[in-house]
Structure formats: C-alpha cells, structure tokens
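Undergrad: Sequences listed follow chains A and B, in order.
The first sequence lines up with residues 3 to 199 when you count with this note's numbering.
The second sequence lines up with residues 3 to 199 when you count with this note's numbering.
In case anyone wonders, no lab produced these hints; they're calculated from the structure.
Small disclaimer: the values here were computed from a predicted structure and weren't measured.
All clues stand as given, with none of them false.
Computed footprint of chain B on chain A, listed as stretches where at least three residues anywhere in the stretch have a Cβ under 8 Å from a Cβ of chain B:
| # | region |
| --- | --- |
| 1 | 87 to 97 |
| 2 | 106 to 120 |
| 3 | 125 to 137 |
| 4 | 146 to 159 |
All residues carry an ideal CB built from backbone N, CA and C; glycine is no exception.
There are 2 protein chains.
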Amino acid sequence: MIFPLFKGKRKIVIDTSVFINPDVRECFGRTSEEAINEFLKITKNTKIFEFYMPSSVFKELMYFVEEKKLSKDFYYLIRIKSPDKHRILCPAIFFYELVEEMRARINKGLRAAENAVKNVSQKGLDETIKDLRKKYREALREGIIDSKEDVDLIFLSLELKATLVTGDQGLILWADKLGIEWIIPNKFKDFLISSIK
Amino acid sequence: MIFPLFKGKRKIVIDTSVFINPDVRECFGRTSEEAINEFLKITKNTKIFEFYMPSSVFKELMYFVEEKKLSKDFYYLIRIKSPDKHRILCPAIFFYELVEEMRARINKGLRAAENAVKNVSQKGLDETIKDLRKKYREALREGIIDSKEDVDLIFLSLELKATLVTGDQGLILWADKLGIEWIIPNKFKDFLISSIK
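So here's chain A without its partners, still in its complex pose (with noise of 0.2 Å):
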C-alpha cells in the first residue's frame, strides 16, 4: 500500500523554514526561539493536529535555535519521526522525473563553469569563483530535492498523509507530483487559529 490511510487527527509535518527563515517567520515572532514558541502556544489550543518533524530537519532546527529557550512543550507537541524509508514505496515516474531534471541541471552546471573558465582574465580570479558558485548553485541546487532533509519531509508526508508546511517553493513542486497537500507558512497561523474558531 503505497498510501496508508490514517484515521483521527489531521497530520502536519513542519519544515525548518517555517521558524528560520526571517521572511516566513514574521507572523510568528521576530526571533526563531520567539516564533517556535507562538507557533506552541496556539497549537497547545488545537485539538485536531499532529505535528511532526523530520529526525534530520528537528537537527537542522536546533542548530539555529538555543534549545533552553525553547517552550517546554516543544516535545510534547513536536513528535519527531523519520520515514519508514525502507518500507514507504513511490511511483517509478518520480524517479524519472528527478533523473531528468538532474540531467538538464548538471549540463546547466557545466556551461555556468566553462564560461567561467573563458572569462577568468577579465573578471579576475576572486569575482569569478564567487559569479561561478552562484550561479552553480542555481543551476544545481535550487528549486530541486538536493538534499536528506528536502526527502525526508516528502516521504514522511507521504507516509502519514500528512500536509506540508515549508517556505521552499522547490520542495512544494516536488510534493505536488505525489499528491501531497501543502501551505505555506505565510498563512499557516491564519491556517491555526481558524482551526479554533
């Protein structure tokens, strides 16, 4: 079974953008810290989520965050839990596809690194290696599954037929070929209290 049903409360699982990054966080406190422990205090008032994270994003987390200023209930609401990876089975197609979109990155990267090549003496040697990683991270890492934690939360989702809360537009494209449903974290308090209304 490829999508186990679950019965009960609806599944949330939760990227580390909704909390890190400074654009996305603003509706929930200036800090990381701060907006960690809004995002507890409203949750502690809803009854019908589960919230869950990722062993490697909960990682990535807490290297951004000092843990001791941190709500005590962080535990008790975030339940962290990876993928069963080697159970949870995905279509072939999602592997064609991201095979596909690699092949295409990886000849973007090599014309990024010969036009560096030819244009060293006139950029000079430091404009040039800063132009070249820029724009081999665009063509390599951006708007693609690059790394554990972007499969992990996809998988894990999946799993628990879970929703999505993330500010990585990639990670959102990736989750909608496998039909996982997803908000971004712009309306994700709206999204919260409308639940306690």
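Please arrange chain B on chain A, whose structure you already have, making use of the hints.
TA: Then chain B, alone, in the frame of chain A:
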C-alpha cells in the same frame, strides 16, 4: 505489489552495450550488426528465455546500427517494451541513495570547476576546457543513473523480474540495490549456449 511474479520463461533485459561497445560485444561479432545477428542465431535455439529492450534503449541501438543489415528475426526475438512507470513502485530508500550520491557528486563537480578557473592562466583555454569536461563528467555522470535509458533498464528489469545484461558497472551497482539479477555481456554468450546443451 512491487514484485509481480511471472510464470513461464526466464526474462532477460538487454542493454545496448551488449552489441555496441567493441570490448563487450567481441564474443558475438566484429561489428554491431554481426553481434546482433549472432545473438539472434543462438537465441533462436533457446526455448527458455524471453528477451526485452525498453523503447529508449531500442532507439539508442538503432542510432548505431543499420537496420537493413539485421536478421528478420529481430522483432520476433527481441520484445520492445518500456516499464509501466506510473504503476511500478520502488522503495523510498532507493531515492534517498540517489539524492545523497548526487549531492556528493555536485560538490565534486564544483571543485573541478573551481580548479579549472584557477589553472586556466597556466594551462591555456583549450586544454583547461577539455580537462574540465572530462573531470566534470567523471564527477557527475560516471557510475550513477543519469539517463532515461538507465532508469528504463532498471525498472523494466524490476517489473519483469528479469535478468539485466549490461556492461555498465554503474548500472549494475544500482540494479543490485533493488535486488535485480544481472550478468555481464562477456559471459552472456556462454550463458545462452549453456541453456541449449
């Protein structure tokens, strides 16, 4: 069901390398057409196999051979069929492994690009670009699934529970992760003859 069980004949999925790569096809013939015709002559006497080739791999093969030089038995003995990629499922772990492998290789590709930018003033433009392309290719292409043809061979073998015949060591490595049976082309002629005796 991930692994549908098939009764009857043993299924073999054939990669182009069996007939195209000179080092690999030598047991069958000097040219690609000779190799294919020798293969067809032998397999006409085998009763226990069915041979398959994904559409993408067939098109690749036809790019290298003159169709009119091929035995009339070709389309009877080699079945052209792509995997049912919307229905075939694969474990999420396979996806993780590809993403993690790609991430390491993307970093390696950037290092190759940066080295090229640093060395161009000494090595000259043409030599640097040539060397960059080689190193970039090694970093991002070799030993990894990087084309539709590769993915087709893997998933068709999985769907049919077939044995994959390929000279591509990278492909064997990835087929192994999904428990796909394989045989190298150099041993393929003996394998076929053994089934007749």
